[in-house]
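Peer 1: Heads up: the protein sequence lines correspond to chains A and B, in order. The first sequence lines up with residues 0 to 110 when you count with numbering that gives the first Met the number 0. The second sequence lines up with residues 0 to 225 when you count with numbering that gives the first Met the number 0.
Please note: incorrect hints may appear among the correct ones.
Said to hold, decoys possible - Computed, partial: chain A to chain B, Cβ under 7 Å:
1. L52
2. V100
3. G102
Unchecked claim - Distance condition first, Cα-Cα at most 27 Å in a straight line; then the derived BS3-like pairs of lysine-lysine:
4. B:K183 - B:K28
5. B:K35 - B:K125
6. B:K35 - A:K103
7. B:K214 - B:K35
8. A:K1 - B:K32
9. A:K5 - B:K35
For the record, the hints were derived by calculation from the structure and aren't laboratory data. For glycine and all other residues, C-beta sits at the position ideal for the given N, C-alpha and C.
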Amino acid sequence: MKITTKFWIGLVIFIVLSPLGLMIPDHFKAGSAWGEWGAEEMQKLVGYIPKGLEKLSSLWNAPLPDYAFKGWEEKGLTHLSFAYIISAILGIAIIVIVIFVIGKVLVKKRD
Amino acid sequence: MHIPDGYLGPATCGFFYVAMLPIWTAASKIVKKTLKAKQVPLLAIGAAFSFVIMMFNVPIPGGSTGHAVGGVLVAILLGPWAACIAITVALVIQALLFGDGGITAIGANCFNMAFVLPFVGYYIYKTISYNAPMDSNRRMIAAGIAGYIGINVAAFLAGVEFGLQPLLHHTANGQALYCPYGLKVAVATMAGEHLLVFGWVEAVVTALVVKYLQKQVPDILQKGGM
Numbered sequence: 000m001k002i003t004t005k006f007w008i009g010l011v012i013f014i015v016l017s018p019l020g021l022m023i024p025d026h027f028k029a030g031s032a033w034g035e036w037g038a039e040e041m042q043k044l045v046g047y048i049p050k051g052l053e054k055l056s057s058l059w060n061a062p063l064p065d066y067a068f069k070g071w072e073e074k075g076l077t078h079l080s081f082a083y084i085i086s087a088i089l090g091i092a093i094i095v096i097v098i099f100v101i102g103k104v105l106v107k108k109r110d
Numbered sequence: 000m001h002i003p004d005g006y007l008g009p010a011t012c013g014f015f016y017v018a019m020l021p022i023w024t025a026a027s028k029i030v031k032k033t034l035k036a037k038q039v040p041l042l043a044i045g046a047a048f049s050f051v052i053m054m055f056n057v058p059i060p061g062g063s064t065g066h067a068v069g070g071v072l073v074a075i076l077l078g079p080w081a082a083c084i085a086i087t088v089a090l091v092i093q094a095l096l097f098g099d100g101g102i103t104a105i106g107a108n109c110f111n112m113a114f115v116l117p118f119v120g121y122y123i124y125k126t127i128s129y130n131a132p133m134d135s136n137r138r139m140i141a142a143g144i145a146g147y148i149g150i151n152v153a154a155f156l157a158g159v160e161f162g163l164q165p166l167l168h169h170t171a172n173g174q175a176l177y178c179p180y181g182l183k184v185a186v187a188t189m190a191g192e193h194l195l196v197f198g199w200v201e202a203v204v205t206a207l208v209v210k211y212l213q214k215q216v217p218d219i220l221q222k223g224g225m
């Protein structure tokens, strides 16, 4: 088997296992990464929401915030895991397309 | 380590966008010169790998989470410039599609994770594995150490960027406008977490994959480094 084929299979395995990245932190009651809190969490941490942070934090509305579907925040871990896998597939698909486009542009003049 | 929107002030955001411009330009030029068409799939796999490995959040029980970046491995396989492009693409997609890392902080996040991390890791790997046979354990250990140091330098920088904000931007009564934690707390936390936990994840991932490649396709390691 070609090594790139093995790599693609490896990526599929990573995608399938990716919900572990949700479940394990959940099991150990770990919260957000340091410095990646939402405005409400910030209020709890330091007692106020920094003005600039409040303004800028809502600057961008990502279509799949935190690798989940909008409105699924309160759903259980099973739903979130499903959304996580879909996010991984979608993210990787777009990344692969973008890199192939970059590759086309950068290496077109040779070969 | 994905700095969100609102944590860095405009000066810092602008500074890192400006700093990244010549780096992205150089990366495109160098990759254009050295990347072969048949290496493009490997570049895509590298970017996808970095993206998905960052989804594996590792907990500090009762505390925060973090993850590996996989960037040192991509640099070992494809060279630091190609790694810079691969990780940049992963970070931009994470910011735009998933809100992981801010739009305004793309410059800073790319500087830490797509520039400093792969370059530091790559040259440490090259130095430690210098003249080592392709199948040697020294090469695997070099990869592990490179991963550990690469991610730690990046995390330290992120800590400095966070920590400078209260100095740069605050209201008259001392309230921070952006990240409220100063250098002491931000650097100690970012560096501490990565030195103790997440750095080891990067080290193990990098070393294990290099070990696997030594067995399966040793020539892929030989070609590495454009």
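Peer 1: Under the constraints set out in the numbered hints, which ones does this structure not fulfil?
Peer 2: 2 and 4
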